[in-house]
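Position chain D relative to chain Z; hints supplied.
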Amino acid sequence: MISPLAILPCLALIAIVWFLADYAWPAVKLNGWKFITSNSWDLGSMYANPIMMHGQLLLPGAHYGILFLIAGTLLSTAIAVAIALPLGVGSAMFLAEGVPGPARTWISFLVEMLAAVPSVVFGLWGYAVVIPFLGQHVFPWMAAHLGWVPYLGGPTGSGYGLLTSGLVLTLMIVPLIAATVRDAIVNQPIGLREAALALGATRFETLWKVLLPEVRKVIVASTILATGRALGETMAVLMVGGGALNYVPSNIYAPITTMAAFIVSQLDSAMEDPTGMAVRALAEVALVLCVISVIVNGGARLLLYWGNRTGATTWV
Amino acid sequence: MTAEEVRNAIRQPRPLVALQRRIFNWLGWGLSGLTFVLLAAAMIWILEMVSARGAGALNWKVLSTVTLGLGGGLLQAIEGTAVLALGGTLLAIPPGIAAGIYLSEYPRGPVAPVIRFLTDVLVGVPSIVVGYFAYVTLVEGLGWKFSVAAGSIALAIIAVPYIVRTSEVAIRGVPNALREAGFGLGVTPGTVIMRICLPMALPSIMTGVLLAMAIGVGETAPLIYTAGWSTYMWTGHLTNEPIGYLTYAIWSFITEPADSAHALAYAAAFLVTFFVLIISVLSRVVLSRRAGWSQQR
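Taken in sequence, the protein lines are chains Z and D. Counting from 1, position 310 in the first sequence corresponds to residue 323 in our numbering; the numbering is continuous, with no gaps. Counting from 1, position 116 in the second sequence corresponds to residue 231 in our numbering; the numbering is continuous, with no gaps.
Bound conformation, chain Z alone:
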């Protein structure tokens, strides 16, 4: 009686991939590789008669290319991971070795609470507080003083964009790295610490030269998991990204859209397409996002199973 119920969660994953692929298939056949290599998303002329192309009915002028979405997704994720990795590992080090045991649970909670805050609240915070602050004070300062660095100069816009999305995403993924790495450090055998201390290493040297190298696989795996999380974040990026269309960012302040945010923002207008091809093309976006996240998460999990003898896998 338990077995059929127990495989339901796995069936859900298989069903998601299967039904999305099935639904998106006409769009996949129509678009081919152009879908990910070209840079224009155009629903076509809504009031013209549908035409036949490659055996599919679609609106004249319709063209589906998502290069700008892939660019926005990868760039915002790259910024987020590049900032979250040192922040996450640093605070994990501090929490694991710098805070005494009984207090650790509750002090760590201050960082791990970031994982509990809903995505849309991050979006609200970014929209109402961070964007005015960054757009009026920080970005103009950065452009004036750091403008010689490639991509840091140029027009700063109003605060919506790549860097803001990256920063908000950082806060959303950092607890995952911090909690996983902290658990892995805490679970290292006491003998390792004693051996290093007996050789005359200070506590920080023990941490930096002995414990951190021991947990490097966990650091890599949790970073990949965090990457997967950042790739799929929807609401926060939707609210602070600025909603660029058919536009690859030219500097770090430029507006962007990610695949996840694009699905939410475009489904309403896609439903207006009488041929239904726009909804299928959006399903193809979802399919691409799903396949990327399955590969990223599957890889990270395999690395964690293989690298983490202690079996400590925190989900935040």
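Any given hint could be a false lead.
[What the hints assert, rightly or not] Within a straight-line C-alpha distance of at most 35 Å, the following computed DSBU-like cross-link-like pairs (lysine-lysine) qualify:
id : chain 1 : residue 1 : chain 2 : residue 2
1  : D       : K176      : D       : K260
2  : Z       : K47       : D       : K260
3  : Z       : K42       : D       : K260
Since the hints were made in silico from the structure, they are not lab data. Being a predicted model, the structure only gives us computed values, none of them experimental.
Chain D in isolation, oriented as in the chain Z frame:
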């Protein structure tokens, strides 16, 4: 080199190295402490914004009337969030606990690693992808339209891996001696699981259930195209009737020009954030109480 010479070489004071080490230590602790302070400050900044602006916007009218245009209250959204979160959690509990039992009691075999791997991957599938899947299959495919049923199923798919993981860990934590005592009395494996393991593990399993509820309350993306949005109270239909929920109010009202709409968005953010935070504090208290207990096995 004699032993004496080696000893002298080691004992020779090297002030530069000592200074280097001291700077390295201070810099290391300083920087790692700084990263923690940065993150904690961001958390406090978010909490400060939500509570300052949310508390100002929250009043009895918001809690007791439905949304009217860009003003009014959030009663139907509060009701809808409760319905969707409960629905999603109730749907996720049976398969989640069943998979948890399977993983903890039958870990050796060809099936368990596959279940564990696929559930672990499922937790990483973006919520909008799950939402789009539900839109394609349930809202369009089965013709349920925007509805409680479609929204709850989408939430259940997102929440189920968390229940699987917490119940697996919880049931594995039940001391083996208790299982053996059951078997020694001639009890069948099924009864041991249902009458011994499950009741013992129940408080820890509850933390997974609470987590699922928190996800149901806090998610937005999977609901936009499955549950829709409504400014009327729910009339009890599972399909063909859209329903309102708080996270939608946050997302859509903050970009409206009216102050009354902003107030509703902040009030909704206050309710959602503090509900979710209280749940995560609760589950942490339960877990830290149980931690000592499960290590005794």
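Restraint status (C-alpha distance of K176 of chain D to K260 of chain D at most 35 Å): OK: K176 of chain D and K260 of chain D at ~31 Å, within 35 Å.
Hinted pair, alpha-carbon criterion (35 Å max): K42 of chain Z, K260 of chain D. Please report holds or violated. Between K42 of chain Z and K260 of chain D the Cα gap is close to 28 Å, so the pair holds against 35 Å.
Take a quick look at whether K47 of chain Z and K260 of chain D sit within 35 Å of each other, Cα to Cα. The given pair, whose Cα atoms are some 33 Å apart, holds under the 35 Å limit.
Taken one by one, the earlier hints all hold for this structure without exception.
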